[in-house]
Amino acid sequence: MSGDLGLWAVPVAMLGGAIRVSTPYIFVSLGECLTERSGRINLGLEGTLVLGAMSAYGIAYLSGSPWLGVLVAMLAGALLGGLHALLCGLPKVNDIAVGISLMLFGTGMAFFLGKPFVQPKAPNLPSIPLGWWIEQPELRAALEINPLFVVGILLALALTWFLGRTRRGLILRAAGDSSEAVRAMGYSAETMRFTATTAGGALAGIGGAFLSLYYPGSWNEGLSSGQGLMAIALVIFARWQPIRCIWASLLFGAAGALGPALQSVGVTWGYYLFGAAPYVLTLGIMIATCSPTRSLRGAPAELGVTR
Amino acid sequence: MNDFTAIGRRRLLGTTAAGLAAATLPLGGALAQAKPLVVGFIYVGPRDDYGYNQAHAEGAAALKKMAGVKVLEEEKVPETVAVEKSMESMINLDGASLVFPTSFGYFDPHMLKMAAKFPKVQFRHCGGMWTQGKHPANTGSYFGYIDEGQYLNGVVAGHASKSGKLGFIAAKPIPQVLRNINAFTLGARSVNPAITTQVIITGDWALPVKEAEATNSLIAQGVDVVTCHVDSPKVVVETAERRGIMTCGYHANQAKLAPKGYLTGAEWNWHKVYGDFIADMKANKAPGNFVRGGLKEGFVKTSPYGAAVPEKARTMADGIKAQMLGGAFTIFKGAMKDNKGNTVIAAGKSHAQTDPWLESMNWLVEGVIA
Amino acid sequence: MSVTTAAGVNAERPAALSEKLRAAAQAAAPTLFAVLVTAVIFAVFLFAAGADPFEVYELIWTGAFASWFSLQNTLLRAAPLLLVALCTALPARLGLVIIGGEGAIVFGGLAAAAIGVVLIDTPYVPALLLMAAAAMVSGAALIALAGWLRHARGVNETISSLLLTYIAIAVFNHLVEGPLRDPASLNKPSTASISDHHMIGTIPGTDVHWGLAIGVVVCLAMAVLMRKTTFGFAARMVGGNMRAARMAGLPIGKLVITTCAMAGAAGGLAGMIEVAAIHGKANASLNTGYGYTGILVAFLARHEPAAVIPVAILFGGINAAGGLLQRRMDLPDATVLVLQGILFVVLLASETLRGRSLFGR
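Chains as they are written, first to last, in my numbering: chain A, 1 to 307; chain B, 1 to 370; chain C, 1 to 361.
By construction, these hints were calculated from the structure, which means they are not laboratory data.
From the three backbone atoms N, C-alpha and C, an ideal C-beta is built for every residue, glycine too.
Keep in mind that a hint or two might mislead.
[Claimed, not checked] Restricting the straight-line Cα-Cα distance to at most 20 Å, the calculated cross-link-like pairs of lysine to aspartate or glutamate (EDC-like) are:
hint, chain 1, residue 1, chain 2, residue 2
1, A, Lys92, C, Glu304
2, B, Lys64, C, Asp330
3, B, Lys65, C, Asp330
4, B, Lys165, B, Asp338
5, B, Lys172, C, Glu304
6, B, Lys162, A, Glu135
7, B, Lys134, C, Asp182
8, C, Lys228, C, Glu304
9, C, Lys20, C, Glu304
10, A, Lys115, B, Asp48
11, B, Lys349, B, Glu297
[What the hints assert, rightly or not] Derived CB-CB ranges, DEER-like:
hint, chain 1, residue 1, chain 2, residue 2, range
12, C, Phe54, B, Lys256, 38 to 46 Å
13, A, Met185, C, Ile41, 55 to 63 Å
14, A, Trp133, B, Pro356, 52 to 60 Å
15, A, Arg168, C, Val40, 34 to 42 Å
16, B, Lys340, A, Ile134, 36 to 44 Å
17, C, Arg243, A, Gly164, 31 to 39 Å
Make a model of the complete structure from these sequences and hints.
As structure tokens, this is what we get:
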């Protein structure tokens, strides 16, 4: 039995929320980070996220194994990412428009195919009780993390190492900074971007699987509220560094948990406005970090998103 | 404007391009038999949301089994000109003579406009405040006093809760929701006068991530029984079950989602309402214009008790339910204070369930933290 | 179509009508091709989903165009799209991708409803003009902000316009359910109703409100603006080649902000028409996705304001037929979403077949 935490509930909830809500952000932002490092922007990750969520839930329900669902979500994400890369590879096609179109297409397909899965209950991903030694139930619950969260952190470390220390990573970064340099090295920037976008899509699919198989752990049509799109702003905030993406995702997760946490301690005015906290945060960050004159430090030069 | 009787419509259908599509309908071939009663249902959300819309769809499904009744359904119709056209399309192209727009926002101006345009078609709206003289005679509204179910939820929750803190996750602070919150709290306080209900408002009818976060926040505050009023309680119930607290269901029976923690639930029993309407139409009588009912009339029902419900709770709840079934129980009676200290119902005064004052409720009863 | 002058510079001489028609046909060809390919791909999808594609297309025709009722249904649904599409199409001429139509609509609708309540006793025309002005100013402010952020701070306008939309919707909900709520609106929180006298009526002989006509007029006016005026020419130059525009000394900042303001004003006006022609008040029904469909319409029309008209009608038709598809064939409403998604993807792919690209990138 626990007494309630009173005002401490807010930071505890935000910590728990940060970990819970941030995981999809982690995967989508890492995926987008990889894609943008290679010089392409993929705005369609929102659709990839939703399609990944649906396919993970459906497969998990049909097969009984949530991990199989995650795998299928990865494949679905890779497919959409590959489609994005193919379309953008065509001459005269605009990346941003393709992204928006795939966002719509992915979402539409997910809603269409996902109809039979709204009712049934699919098995969820397990959780790791990191705080097993803690007495206080709320704190213990806040530290109950999902394996995918751990995978995300490991992935960020791996990506940092890959981009910074391997030959392939260097070539990928070169594709993002200068297509000519890559061609001079004997590689095709287009192929690099294709691989990066496909991998990025796969990661976004995993992010979606987390939503439907762990938190909230259910499939329906309102599952995503723009996480895929905010992850893109996240990447800019994180200056295209994978480790920073983790911190930024945690920050966003905490911002998302702010509204309900405040209400639970009695701050009930303006719940809509608090609900907009993540968006205001994103916008503020973008305004603060972008500049029209000096190019954004760390921005891949081939990226059309910054001047 | 255009006013087609059923027979005139069939002749017209034969001559327009729409006749092409109608020829595939049994309506065309049914000329030899008695013409079926065509009923249209319009849902604002997905039919299978484990909640509000599903409850209506289950009622509609019961109608599909009836002989001589043809049911049309459209889901995810937004509360704009789209619903006007959906209704018109059902009437014009499919010959509907009874239309059920099931979301509150369809009433004004959309349903009223269509009702004025098609005076021979009957429109019945779920939840609206049909008023004699103000609204046309071919319209009407129906609703169920599901707050009776929430009262019983509260009674059971009051017994089962060990922390004395209940939680309520609400979509928007509108009268129908406030009434449920109040009934739930009153039921719980009749067992334990010190019990409180913590309310969190998510802002919209279907926001799974917010609903999950709200549930977690409530649990962080020590809440151990939670209920909700959102379109789909699925996420709330599942999250509560995972965290190990108890739930009371709403709209439909969610017991399958929470085998350990499900106490009981307040459910709609729409097929009773719809069945009554159909019977009226078949007897060539216009259905009632202002139809309300609770447990007694069979408009709402309660879920069977879950394993976690103590014996005392069952006895007490059954007793109150029997009183409600006999029409002898008043939930909202004086003296009653709201959570700001004002008296909202004076001592000695009481409001029967049918009292329209209850349908514009804008206060929360003492004991609700919001 | 061009002659080489003595200076060696290509200049356009006025084209004969037949050549203009040929050019228009050439411009429309890849779009028509995209529509055809979409029809095929969608048919395959339907077949895989167990539905008869021919029946589906027949129902789409029936529900969208085959009768006077269907046609009016289509036009009614196309009306808001005409203006909202401009919210994306106009800045696109400058090379900006703005997707903030939904935010502009809700802000515009709210402003119109709020002012409308105050103007209960004002005569019809001034009241409507004031409501329209309020709506246009609110919408313009929102989108111009995104434009300004792009110009002054280099913030990507696609992301900022989307974020501003989310923020606008949150503010909208807060105001509609809070300070501006009409207590009599009970279970559907709304602002107080504007006067019945101030409602926009229907075009005589039809069910369709005058908003359709307003939308068509505005689209044509924007088409003229973009094609025939110096402003339009300057805007297209900025969109075509930013560096050349800068070197030519064009006032880029002013162009960006003005165009975004016009785009936002169009979106805001759409919101005002929704309030004054349909609902009579502002509530969550303003926020039902017109903005997002408007983005599609703009892209499919290749951001040409005149082309927005037929494309909006096409989308209105698809949406109008959606209900029939649900009822007759038991297809989920997401079917229409899939169709729109395929159409958009194929259209973009077909851009490669074109001589000129959508953007100067």
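Hints, one by one, checked against the model:
A threshold of 20 Å between alpha carbons decides the hint, and for Lys92(A) with Glu304(C) the separation of about 18 Å falls inside it, so the pair holds. Proposed proximity of Lys64(B) and Asp330(C) is supported: the alpha carbons are some 14 Å apart, at most 20 Å. For the hint pairing Lys65(B) with Asp330(C), the CA-to-CA distance comes to about 17 Å; that is within 20 Å, so the pair holds. Distance restraint check for Lys165(B) and Asp338(B): the Cα-Cα separation of roughly 18 Å lies within the 20 Å cut-off, and the hinted pair is therefore satisfied.
As the CA atoms of Lys172(B) and Glu304(C) are separated by approximately 41 Å, the hinted pair breaks the 20 Å bound. Taking the CA atoms of Lys162(B) and Glu135(A), the gap is near 19 Å; set against the 20 Å cutoff, the hint holds. Distance restraint check for Lys134(B) and Asp182(C): the Cα-Cα separation of roughly 19 Å lies within the 20 Å cut-off, and the hinted pair is therefore satisfied. Of the pairs offered as hints, the one joining Lys228(C) and Glu304(C) holds, with about 13 Å between alpha carbons and a cut-off of 20 Å not exceeded.
Distance check on the hinted pair: Lys20(C) and Glu304(C) sit about 16 Å apart at the alpha-carbon level, within 20 Å; holds. A C-alpha spacing of about 8 Å is found between Lys115(A) and Asp48(B), which places the hinted pair at or below 20 Å, so the restraint holds. At roughly 24 Å between alpha-carbon atoms, Lys349(B) and Glu297(B) are farther apart than 20 Å, so this suggested pair is violated. Roughly 41 Å separates the CB atoms of Phe54(C) and Lys256(B), a value that falls within the hinted 38 to 46 Å.
For Met185(A) and Ile41(C), the Cβ-Cβ distance of about 38 Å falls outside the hinted range of 55 to 63 Å, so the restraint is violated. The beta-carbon spacing between Trp133(A) and Pro356(B), approximately 57 Å, falls within the hinted interval of 52 to 60 Å. Roughly 39 Å separates the CB atoms of Arg168(A) and Val40(C), a value that falls within the hinted 34 to 42 Å. Checking the proposed 36 to 44 Å range against Lys340(B) and Ile134(A) shows it holds: the Cβ atoms sit about 38 Å from each other.
Distance hint check: the CB atoms of Arg243(C) and Gly164(A) are about 34 Å apart, consistent with the given range 31 to 39 Å.
Checked against the numbered hints given earlier, the structure breaks hints 5, 11 and 13 and satisfies all the rest.
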